[in-house]
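Asker: Take a look at the letters that make up each chain.
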Amino acid sequence: MSGHSTYEPKSNVSKWFDERLPVVRLMHDSFVAFPTPRNLNYLWTFGGILVFCLVAQLVTGIILAMHYVPNDQMAFNSVQHIKRDVNYGWLIQPMHAVGASMFFLAVYIHIFRGLYYGSYKAPREVLWILGVFILLAMMATGFLGYTLPWGQMSFWGATVITNLFSSLDGVIPGLGTAIVTWLWGGFSVGNATLNRFFSLHYLLPFVIFGLVILHVWALHVAGQNNPTGLEIKQPADAVPMYPYAVTKDVFGMFVFLIPFAYFVFFMPDWLGHADNYTPADPLVTPPHIVPEWYFLPFYAILRAIPSKLGGVIAMVSAIVILVFVPWLDTSRVRSCKYRPIFKWCFWAFAFTCLALGYLGAMPAEEPYITWARIFTFLYFAFFLLAMPIVGILETPSKLPRSIMESVLGKPGSTGGHMPAGASAAPEKR
Amino acid sequence: MKIISSLAAAAALAAAVLVVPVHAEEHHFEYERQKWTFGGFWGQYDKDQLQRGFQIYQQVCANCHGLSRVNFRNLVQKGGPEFPEASVKELAANWPNKPLAGPNDDGAIADKKGNLLTRPALLSDPILGPYRNDKEAKAAQNGALPPDLSVIAKARDVHNDGIWYVHFAKMGRDVFNGYQEGGPDYIFNLLTNYAEPPAGFKLGDGLNYNKAFPGNQIAMVPPLSADNVIKYADGKGTFEENAHDISAFLAWAADPALNERKAMGWQVMLYLLITCVLLYAGKKQVWNRIPH
Ligand code: HEM
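Going line by line, the protein sequences match chains V and U. Just so we're aligned: the first sequence equals residues 0 to 428 in numbering that gives the first Met the number 0. Just so we're aligned: the second sequence equals residues 0 to 291 in numbering that gives the first Met the number 0.
Isolated chain U (complex conformation) (with noise of 0.2 Å):
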């Protein structure tokens, strides 16, 4: 009995004490939450906002990035940027980087300059990045590889540090509040904190400091800047602006389906509260024939 209490005790202690030190990584950042108008549980897209934002990746990211899980068709979808078709049958026709269109009805896949066949892209085509495959990438990038960004922000989140008290607490603060933008907050967070490097910092070559990026170099140069600020239609526009768009577009583009699901989503928790209550209320007539 005394082994079995001590081992109770042991456990019970051990439950005290576990504070653990925080983990030492090399790098360490607070990521500043955004406010997404698809946030929470009644956000829902906001479609000028996903319009500005593919602007920002057509004028800037398109240079180096694919977007190759997203089809054209799918900026006049509603839930997302709503582009009225027209606008986008013409862009897709004019734009830069076209789908291969070899072999040809003689087999071949190539003009004879030996330059790839290619055709204009339809609605129905992905939106295609600068570069044929990744090797191209990289040797056009200094080595690094942009990566596609059409499910970058599913691929990126914003991680929960501290002890782990501290981590199980901000873990259930998360789920509470159905927290789910880790992605355009990485992206946004990422896109804004480019700087100059501490004293003593030794930059890889054709590397960026970067204070958001684990490890804090990084290949991409400073894609948006305060110096360099994309304006809208209307003529207005603000570095932050450009950044939360862009960030606001991509986590569209990797979840394009966010609207519809978060409307159904209440429907069917308003249905299951309602059942609950009603299957309650029968279970208790049933059971109150007995004593229990």
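Chain V on its own, in the form it takes in the complex (with noise of 0.2 Å):
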């Protein structure tokens, strides 16, 4: 997609200027002029929407850490004041704390959404990849924000996580052990530890801006995937981006905003838990430690393990297999819409992803801990079994010709190109 230009300076100055730097031509080219699949649905918009929400989590924590104090004896009331002095501080404060919720929804369906239509094939696997760094990195700026407030949950949500590194003790006696006191900065969670937490919270959000760069780059060189999951064959394929797929994202945020507004106007403290708003104490272990509903899923994985090593080592490859995703799938369709067998595969995925995060949320106990270590065994096999040999076995459904054609109905000019386009393997531009 890159090469051809259309920008045309109109005056004087930006003619001066774009060959001097040529910025506005890259941010037409990119953002303006750049061909869109005309048919995306409403499922593209959220990669916008992703955007806008990393931009609201920056200025409002930029704005909240002017009024946040990282002392373990001040954290909690510093959170009260700004929600009851700063000026509009309980209005920024649940904007910050919802957003980070609305900010996981948006990336998990994102997610979803890629690995319906098979947005991670050939030529997209570098674009995927980055994704993936994304959501990880994302979910240490989460895990990080969760334990400033200095409450309850924040200070055993934070020993119990950090704690998972004792496991290496299994490995080489004393490592884990060795390395959990580091990353407490002593030898128990303490105000050493919310210093560091703090300042890698504040820096995190920019690493990630720093991927998201990188992701949005990589999806100009490849170009958007799109519910057919077939490559642009011919101009009436695509759109210019704007107007068409800029009025589309723009409304979708839109709607988007809604829910976001209404939780964070009338249910700011639901997506929360109430064990927050008692400050830390060390010596009392509340009887229920659950992190955050975004991380519900990967808990259940960690606890249905009954080794403590074993657990963490499922939960990690829970989200690093997504980075193998490319070549597990062996299909030559990219989307679900034509695969007849994995479309169902992926439904059950759904339900079990869904199924694990309300078993993170149950307490280890029976029969909750058996449910568990199914949905944990669905869950892999999802990536196992059912990307490598469904992909071998199914008879995909027949494709369109081209994106055009899926749109009218009916044949578009295609230009002489093989329905085989939809293949996954690179084509040649």
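Please keep in mind that the hints were generated in silico from the structure rather than gathered at the bench. Be a bit skeptical, because a hint or two may be false.
Stretches of chain U that chain V covers, calculated by requiring three or more beta carbons in the stretch to come under 8 Å of a beta carbon on chain V [as the list claims (entries may be wrong)]:
id : segment
1  : 121 to 135
2  : 197 to 208
3  : 281 to 290
Now the in silico label distances, taken between C-beta atoms and shown as ranges [as the list claims (entries may be wrong)]:
id : chain 1 : residue 1 : chain 2 : residue 2 : range
4  : U       : Ala-194   : V       : Met-73    : 58 to 68 Å
5  : U       : Trp-286   : V       : Ser-4     : 22 to 32 Å
6  : U       : Gln-266   : V       : Thr-329   : 48 to 58 Å
7  : U       : Arg-131   : V       : Trp-181   : 54 to 64 Å
Note that beta-carbon positions come from the ideal geometry of N, C-alpha and C, so glycine has one too.
Quick one: dock chain against chain with the hints and give me the complex.
Answerer: In structure tokens, the structure reads:
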């Protein structure tokens, strides 16, 4: 998609500038003239929504950091001070807290979109893997941020999760404990831990920002996938990003803002846990320590494995396995629309993730443990069994010859391209 | 292919039979949800109720509990009890639990008799409880700690029990109704569910039986009772009203911006809805130019 530029500077000034730093040209080619498939549905608006979420978190977060105090004696009260005394603090604080949840909601929809339409397949592997890195960085940021209010869940969540490293003692005795002490900056989660967590929580979103720039770059090299999984093969398959994709994206974003605002204004605490309004107390363990909802499926996998080290490995694998998805899936066809069997595996997988989320919120006892094991198995079976095997055995249904044909329901001028263009093999451009 | 379809079948089966028996916790209690003026989407605090609630706090709860994240000036602010400023000034000046004044100009923190130096509270001071720290509180309360009440209404919730689908149904209902009053509902139930322990129940030393408290044994003696109703300025008041009013007051103490937030929430929602309609119309216009 790169190479040919349609940007024409209008004034002498912009011409002068364009010859020296063609940044306006870059923006024009990337976000105005950029060809987008004409058949994108609203699931494709989530990329733009995610950019909005990231910027919103940065803006609200920077304001919060102006008033927040990263000190174990003062952190809890400083958040209360923000909500009670800072101008519009009562609005900024829940925007950031609810915003984190909405960010994860959007990113999960975005990922499932990619899984359903095979957006991870060639030539978009690097784009997809950058996405996985973004997800990891988001999770780290979310975890670090949740410790900052220094309530009971903050403290005990941080204790439980950092303690996972001590499972490495089973590999090299003393190694895990040494790492945990190093992470804590002491012999328990305390002031030193809170300080470094704040520092890193401020840093990581900028790392995410950098990753997002690479992600969008990779997207603009490979071009967007679309519901048919077919490549853009003729000019009629695409429309310029402005105004077509842009008007759709902006509308989608405003629709997304409705549930966002609903939670911020009417149920700001609903997505959190009441225990986090009790100041951290190292001497009192809460009866149920649960992470934020967006970590629950992984928490369920962690607890499903009887050994601690095994649980940690399973939990990490559950995310890292996404990196290998482009090669685990053996199908020629991208989109689940044309994959009669894999489509059902996809929905079973989506259900599995929801079930794991529920089980992660339940106490670690029967019958939940058994169910968590069953669903952990199904989780990995999707990647390790369904993806490779179904891809080989399944007969895809008939593909339209082009994007245009799928839109019009009749053949467009396909310009002599073969329908096999839907295959994931990189095409010569 | 067989493996896959059987996997998918297993998942579907799992969905069908995942009827998890109700989690056998030792504590089971149906919290009775109350009607609150500040509940739901249009809810706002009733300032008269907050004033009555403050009276209960002052006369009863303040004997053991602090309210240290609330300042006296907050009692004057809009969206709260909105007491007249002069009366709150006087209230602060006479508040028995005074802020520390030491070290003074001579560097002393206590007077000659060894009492810590204190000064009368100002509007900008927090509403302090009777104890200087947790240790003193525990010593006075048989080893139990009466928690600071300023965020207690957010630190407690009424849980959604039930089999998984009931659990999800209740979650859906709460989101749909904008239910955020778990805290005051819990406090109301706590205050009104002291009872005689059932036969055979072994009550710990200095503990009281309470049906709403997890574990059923609470160190707090019943602070309100039907025999000792607090009468309001108009000479009226019942036990239930006492419990309601203090719960509402504590809800305000934990969330003093609620009035402003909900009022603005409607403006924002309206703005978003109208903008969505306009954006959709615009988007349609643009896309109508081409087949799609
Ligand atoms: C901070 C988080 C993220 C941001 C801001 C972001 C942003 C974007 C944007 C703007 C697009 C193009 C619009 C679209 O197709 O929806 C996009 C596409 C894509 N993203 Fe992300 N993304 C994020 C996280 C992720 C994650 C975690 C993954 C997967 C693990 C992922 C995978 C993809 C893929 C595969 C595409 C291309 C999809 C297609 O064109 O069909 N992204 N992303």
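Asker: Evaluate each hint against the coordinates.
Answerer: Okay, the hints, checked on the actual structure:
no. : hint                              : in the structure
1   : 121 to 135                        : violated (count 0)
2   : 197 to 208                        : violated (count 0)
3   : 281 to 290                        : holds (count 6)
4   : U:Ala-194 x V:Met-73: 58 to 68 Å  : violated, 41 Å
5   : U:Trp-286 x V:Ser-4: 22 to 32 Å   : holds, 26 Å
6   : U:Gln-266 x V:Thr-329: 48 to 58 Å : holds, 53 Å
7   : U:Arg-131 x V:Trp-181: 54 to 64 Å : violated, 37 Å
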